[in-house]
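Dock chains B and C against the given chain A, drawing on the hints supplied.
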Amino acid sequence: MSDRVLSAALPGLPQLLSRRWGTGGMALLTWLGMVSILVSRRDGVLSALAGPWEEKLAVATVVVGLVASWAWSWRDLRRARHEHLAGFSQWDLAVRAFSKNRTAVAGLITIIGLYLIALVTPLIAPHAPNVQYDLVGQRFLPPGGEFPLGTDHFARDILSRLLYGARISLTIGFVAVGISVTIGTLVGAIAGYFGGIVDGALMRLVDMVISFPRLVLLITVIAAFDASIFLIVAVLGLTLWPGTARIVRGEVLSLREREFVQAADALGYPKRRIIFRHLVPNVLAPVIVAATLGIGNTIVLEAGLSYLGLGVQPPTASWGQMVASGKDNLLDAWWLSTFPGLAIVFTVLSFNLVGDGLRDALDPKLRT
Amino acid sequence: MGRYVLRRLAGAVPLVVGIATLIFFLVHLAPGSPVDLIIGPGVTREFRTQMIETYGWDLPLPVQYVKWLSAMLTGDFGYSFSQTRPVRDVLLGYLPNTVVLSLAALTVAFFFGIVLGTVQAIRQYSLLDSGLSVVLLFFYSMPSFWLALMLILTMSLTLGWFPVSGTVSTDHEFLGLGARIVDRARHLALPTLSLALVLTAGIARYMRASMLEVVRQDYVRTAHAKGLPERVVVFKHALRNALIPVVTLVGLYLPFLFSGTVFIETIFAWPGMGRAIVNAIGQRDYPLVMAGSFFFAMMVVLANLLADILYAVVDPRIRYE
Amino acid sequence: MTSHSSRTVARFAVVLVLSAVSTACGGGGGGPRPVPDVAFCQEVMPKVEAYVARARAENPTPDDPRYGGTAVVGTIGEMADGMNVAVSSDYSARQHQQFVNLMTLIDYDESVAPRPYLAESWEVAEDNSSVTFHLRRDVYWHDGEQTDAHDVAFTYTTVTNPETAFPNAAFWNHYVEGEAGVEIIDDFTVRIGMEPHSEFLDPFSSVAILPEHLLGDVPSAELREHPYGMQCPVGNGPFVFWSHSPQERWVFEANPGFPQALGGRPFLDRYVYRIVPDPTTLLAELLTQNIDVYVTPPPDQAQRIIDDPNVDLRRFPFRNYVMVGWNARRPQLADARVRRAITMGTDRESIVQALLQGYGTVADGSVPPFHWAYDPDVEGLSYDPEGARALLEEAGWADRDGDGVREDANGDLLSISIKYNTGNQQRQDIAEIMQAQLSEVGIDVVPQVVDWATLLQQINTPDLRDFDGVVIAWVAEFRLDDLDLFHSERIDQPFAWSGTRNPEMDRLLVELGRTVDRSEARSLWSEYQKVLIEEQPYTFFYFPDRLDGVSRRLQGVEMDARGEWVNVKDWYLDPASR
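Chains as they are written, first to last, in the numbering used here: chain A, 3 to 370; chain B, 376 to 696; chain C, 160 to 737.
One chain only, chain A, in its complex shape:
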């Protein structure tokens, strides 16, 4: 009972007391973050309610974050109490294995934190991301004072651009991987299930796309059409799917021989139903792993494209573009590319840690 009181006062505290750092820390930090935004940006929050949709979204995020941290902490306590009554599903086992992996949990917390920050950015960014302050007097200001992370060559606030850039970079990664996972899963499932000529043809296509130098593809396509965020996301998504397709096909090939699929076949279920209801859900584990790793790769790749001048176009800030445009100043204004660079490193690192953790957790062979 006292747990519930504690949790009502400060969500996550009881978990922390019972030394479950991950669960407790996440709930507590989210709660503290949201409360501090509410307190420190009271006026901002009020005016944001009347602002454009992204500001409303930010306020909604704050509210949902507050409620969710309470609710989650509460539910977690109840589950903890009833745990011994129910058996363990495969999923529970995976969650347990995952939460044993400290680095992976740290990665997951970082990612959730990043997405939360990205959502509430309009409330917390100290400046507008594209405002050019005094071009002569305020460019290349070192970190500190009015501009906590300094200013860039247009006298824009780097912290604010970093915050707004998070949204672009995270979205790019998310959407591109979403596209590639969808296509990859479909192609892989169809190829694996139907086999024969369909399989042969689709897999040759996969081989072709894999063998083709991706950078050549990206450069020519981006040269052919006007570079825009949509194009970049689409191209990335449309080139990354073959890896997923291969994984899914492999899984489906072995699933096809399993009793439940054979039974569904024997019952004469339509093929569409078999693919979507029986096969796809069962291959999701490796796909999720591939997707987590893919998001990280995409963010790095976008930075590479920016180096070649092909990434997200200014003035929109993306981390990759910030690193690339600041790299010529590494020797005289290190803060231009170092902060976005570190942001990329830690984000991608987190995604990879989570991906690794998931892989270990979802693969029973690797569990101890």
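Derived pair list, reagent style SDA-like, types lysine to any residue, alpha-carbon separation capped at 25 Å:
id	chain 1	residue 1	chain 2	residue 2
1	C	689	C	549
2	A	58	C	563
3	A	102	A	116
4	A	102	B	499
5	A	58	C	562
6	B	442	C	383
7	A	102	B	502
8	A	58	A	46
9	A	102	B	501
10	C	689	C	650
11	A	58	A	318
12	C	206	C	386
13	A	102	B	510
14	A	102	A	15
15	B	611	B	597
16	A	273	A	199
17	C	206	C	219
18	A	102	B	503
19	A	102	B	500
20	A	273	A	255
21	A	273	A	205
22	B	442	B	454
23	C	206	B	464
24	A	102	B	509
25	B	442	C	380
26	A	102	B	498
27	C	689	C	552
28	A	273	A	284
29	C	689	C	673
30	B	611	B	687
31	A	102	A	80
32	B	442	C	385
Since the hints were derived computationally from the structure, they do not count as laboratory data. Since this is a predicted model, take the numbers as computed values, not measurements.
What follows is chains B and C alone, placed relative to chain A:
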């Protein structure tokens, strides 16, 4: 076995033609013609048009495609007008640089990846395991051009351990044979390191997983049960078998090496194929872009084939159907 | 079996790496030059080898500590088309043709006055209809042949032949083109025909002479693909070509047989042109003393170069300007008032301060401030957002719906896309700053990046002209000639980007081309500058100063508006540093 290899080779033929086709149409997707890069004021529109005709850039794409493909089949890669040499000579000029860099990077990466991955597997979930994971992933997560610049700033500019860029020093021709090899190796160090650091994380991760799987196999348990020392079990029984899947990574990493080398070659002023192709796209030097892309695609196809065959050779459980 | 195989793989890989390392460095220590496997080179390079050996024996190096050593110049890009004078337009390549490997008929002194070089004298016909050059008799091609009038005639007919597609065809606007335009009077005297016009010597200071005995048989249309330019150029200048590794470096060695009267052999033993594509890497190379000259660092790197005790920053005004070209064929840009308003709404002065760190001058026209034709009293448009708003109102553009962007009476938005090419930070910056500043006066600017080749096609194709505004740079010759840019009769030619029609401008452009006398031309130029400001076919941004980082150990370096390499033969390494 021989029949298996032949069958795989035959299966690669349509793939190769498919790739060539894809490359051709994709490369011609980019608008703009080489003409505008060479003319200047005073050149009339009539002359501009005439030049486009002379080079055959106005022919319908299918016609150009047939011409190109039939030339390719006879081994004629065409003429690179941005480099004013036959494409074959251009590729042969850049090839040694790319091969040296890629092989050096692969060697270093596989060596460290295998060693570190094994260590991680043996000490699963230890502080060392997660520490190594984080450190390796840290480098893996960096945009490669940024990592390369950081290496230059620390290793060359601040510490002065390695030359900044290039393949050789200016006075290379005047050095003795021994000094020349040292000179080459010193120039190779940083680009290799930048490429290898990124690859190592993947290999180590793979090696760790593979090792963990093997360690749980019965024969390893038996070895343990027999009371064999840990060292013997790991190196004699487990490592050998854990290496099998890692071999196939060579094929998977070749395409990565290509896109990775473009940045590394640019930052380190390394005259390799990746940079050449990217430059050629900018110049609309179609023959060079197509031949270069085709060459890389072939490398990947061959490497995959080789990996499959190697896999079949080293793993007796795989039958050649 | 398993372990055996994998060990073999590893060993195999190591062997391959080692063998590739050792094969790639074949050749003797500083021995004979590497000869490309091309028939032309195989034939010609041994002759060059022999010539250099002979000349070295005949002209022992003077006893002076300044002789010797290797200097390295680092730049971002390859010299496109190399020493092939007939087809190259690349700035570095042309500098090397003029000052390193080949020779021009005349060159310019510090005050840009013509002085003898390959031609020891010249005279102009009474009626200005021809110029006669008398050539030096002590200049030899690097394969031993003498340079004479036939080479000059060959070069002239080649570059004026449309089949060659000489990139700066505008050079020959006032000359008699082709064979009819050149007459060989004797082996060392050659006369070139022209119509009277201003600055007629200028092309001969920038177009170097090619060897007739090597290229005379090559059809003009095939010159572009000849191995001469990139694989084995044979020049007659102060440096002999030694080797070229594409995208890596060019190596030249001192020409021991360079005429004593022109200073004899250069001080440097070897001169290396290195290609390092990344600016940060280049800066690191300069700061670690691996290169002696860093050609045109971006202005943001200037301070770091100044702060380093071992290198100096050279700065000189140059002939190029950066501008935004407007497509007046577009309805929203057809009115000169709108174009003027755009310029007035852009704070160019602070852009020069910010983007160029002050290393540049605001441009109000195409005449560089150091040029004799420049009139400092012509007043350009200054930053005046109020004035810009008023002009826009006057032209019928007002913000009718209160969204911050102006519309015309039909409700069409005053929205302009500004294109720039991929990978050019400064041009991207300009588009970005204009977007921010012009939104203040109610103009919506959309920066748009386009791949360079695509961009050129979009702006150069007469029937396409798919752009509103384009950020681009233009390098002027010492003889200014904007005919191809602004004359209304050339409106359908590739370089008439703006497509403006202005009778006053037409008249001035034609007259300027024909005026031989400078003082007479000066007042015309002044008028021309005023018309340009009124018409604003471009928003001229700035003349960037040319910057170069030069190591202190490299001495005797002169750099000015003529270029970086103007006195490369007088460069020498501080003897104490070697």
